[in-house]
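Peer 1: Could you put the whole structure together from the sequences, leaning on the hints where they help?
Each chain is listed here by its residues.
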Amino acid sequence: MPAPTPEINLADFEVLLKQNGLPQDRIRVEQLYEGYLKLRAMVCTLRRPTDLKTGLAVDFKPTLLT
Amino acid sequence: MTLPTIAEASRRLADKTISPVELTRGCLEKIETLNPEFGAFITVTAERALAEARAAETRILREGPRTPLDGIPIAHKDLLETAGIATTAHSRILKDNIPSRDATVVKRLADAGTVMLGKLATLEFALAGPSFDLPWPPARNPWNSAYFTGGSSSGTGAAVALGMILGGTGTDTGGSIRGPSALCGISGIKPTFGRCSRTGVIPLAHSLDHIGPMAWTAEDCAMLLQEMAGFDPSDRLSAIVAVPNFSEGIGKSLRGLRVGVVSHFHERDNPVSQETAAAISDSLRILRSGGAVIEDVSLSSLSDYSAANRIIMNAEALAYHEQTIKTSFLEYGERMRNRMVLASFLSSSDYIQAQRRREELRAEFAAVMENFDVLVTAAVADEAPLIDQVPFWDGLEKPSFALPWNLTGYPAMAVCMGFGPKGLPLSVQIGGRPFDEVTVFKVAAALEASTNWRQMRPNV
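Sequence order for the protein chains is X and F. If you read the first sequence in this note's numbering, its first letter stands for residue 1, the second for the next number, and so on. If you read the second sequence in this note's numbering, its first letter stands for residue 1, the second for the next number, and so on.
I should point out that these hints are in silico values taken from the structure, not numbers from a laboratory. Among the hints, erroneous ones may be present.
Derived pair list, reagent style DSS-like, types lysine-lysine, alpha-carbon separation capped at 30 Å [what the hints assert, rightly or not]: (1) F/K16 / F/K252; (2) X/K18 / F/K252; (3) F/K16 / F/K107; (4) F/K95 / F/K326; (5) F/K30 / F/K422; (6) F/K30 / F/K95; (7) F/K326 / X/K38; (8) F/K107 / F/K95; (9) F/K398 / X/K38.
Here are the computed distance ranges between Cβ atoms for each label pair [to be verified]: (10) X/E14 / F/P271: 31 to 41 Å; (11) X/R47 / F/P391: 20 to 30 Å; (12) F/K252 / X/R47: 19 to 29 Å; (13) X/E14 / F/L330: 43 to 53 Å; (14) X/E30 / F/A83: 43 to 53 Å.
Don't be surprised by glycine CBs; every beta carbon is placed ideally from N, CA and C.
Peer 2: Laid out in structure tokens, this is it:
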């Protein structure tokens, strides 16, 4: 996994948390931020030019596997 | 009573040297003795089980067994709906949920004559755990209760290994059958996508969810899958394909079998323990001595599969839970809440990109599998961790060996291949071609037959 690239800092992240409307009183913001960095690192690996002919795989059609 | 495998019990039930009631009572005694320590069961339906066992006994005496599973004690992961019996997803959110119908798979196993002993622990909604802030404790490792079972079909893994049941059901969205099977030292298969109906199963991520069996041996899994599999018109992603005799390859020659080894998965992408590496080598030696042809193969990095799976899984899970989160956020356990908060930061573009990458990975995987009957990899990297030391963001840490098979929909199975220095199980994974579970079972059973690991049970 590539090193996490923080797109926003912890303070900004806290603002985002408040914006998403979920109760915050029992959430440890720093712990969430750590998870956020891990998830964003995964997202970054997918951010690259993709062949425009590549279709979606949103729904598998299992019979096509054969 | 020495606990038989499903295959052994089936033979003894048919020749009437054991009765379903005797078998069921033996399992219920184990549940009563061991469940307080191991937490495998959320709900035990003892009276109903004994009634079903008595009915099976009468049936077998009068007409012979209805199927090879007639009278076999099993249980279901508490994600599968059971009519009139609480189906909680191991969450406070659903603690009073009593479904009015059986999941298709539950009904099929009941129709086969199985005896249902109750509902088994999972991670909360099959996503987050182990958690200690839920109405029920997490299941614990059957070989040492200080350790984790893996998730999310954790109760099934523990219950099978402890002999509380002979087999059970699991679900697998990102390794949730194979992980617990590996860490609990049993066999478990994620069949091909579409092989088993998901109707009546609480979803985690609709495009990745699979249902499958877990049991002591590969043969037992094949017997369970025989009754679970088949087209179901009520599941729009159910596959219209023939159901073969899943046991037909077991015991047959491996000569000419083409086996691919994805060495970079366990050597570079997620380096495994020395003992797990040795277990993989042992497996390859056994297969080679049976006449299989072994060849190294290269795929995209495990991290690529991991990223696509985790983003899709979290986004689809959030879509399912979004409304409930708005009204009952604090009813979820802390790990689940945090996973859902993280998922809320994924964009629609993130999800689409993950699905596009998935399509590329699936195409790559399909091309490789043109040349192989099975792939062999690690099932997990090492023995189980201590239950109180599972990383908080487990699943976002090291890439999982299970995920390529969820993304592609191809079948894969975990097989016990020894024990590590802590005395906990080691496991390898056998991945097959679409709808060719027969070959996966054949290879898994060959590994089990060539070792003595199936003779070892937890010392409880």
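Peer 1: Confirm or reject each hint.
Peer 2: Taking the hints in turn, this is what the structure says about them:
| no. | hint | result |
| --- | --- | --- |
| 1 | F/K16 / F/K252 | holds (29 Å) |
| 2 | X/K18 / F/K252 | violated (61 Å) |
| 3 | F/K16 / F/K107 | holds (25 Å) |
| 4 | F/K95 / F/K326 | holds (18 Å) |
| 5 | F/K30 / F/K422 | holds (24 Å) |
| 6 | F/K30 / F/K95 | holds (25 Å) |
| 7 | F/K326 / X/K38 | holds (25 Å) |
| 8 | F/K107 / F/K95 | holds (22 Å) |
| 9 | F/K398 / X/K38 | holds (10 Å) |
| 10 | X/E14 / F/P271: 31 to 41 Å | holds (36 Å) |
| 11 | X/R47 / F/P391: 20 to 30 Å | holds (25 Å) |
| 12 | F/K252 / X/R47: 19 to 29 Å | violated (47 Å) |
| 13 | X/E14 / F/L330: 43 to 53 Å | violated (19 Å) |
| 14 | X/E30 / F/A83: 43 to 53 Å | holds (45 Å) |
When held up to the earlier numbered hints, the structure conflicts with 2, 12, 13 and fits the remainder.
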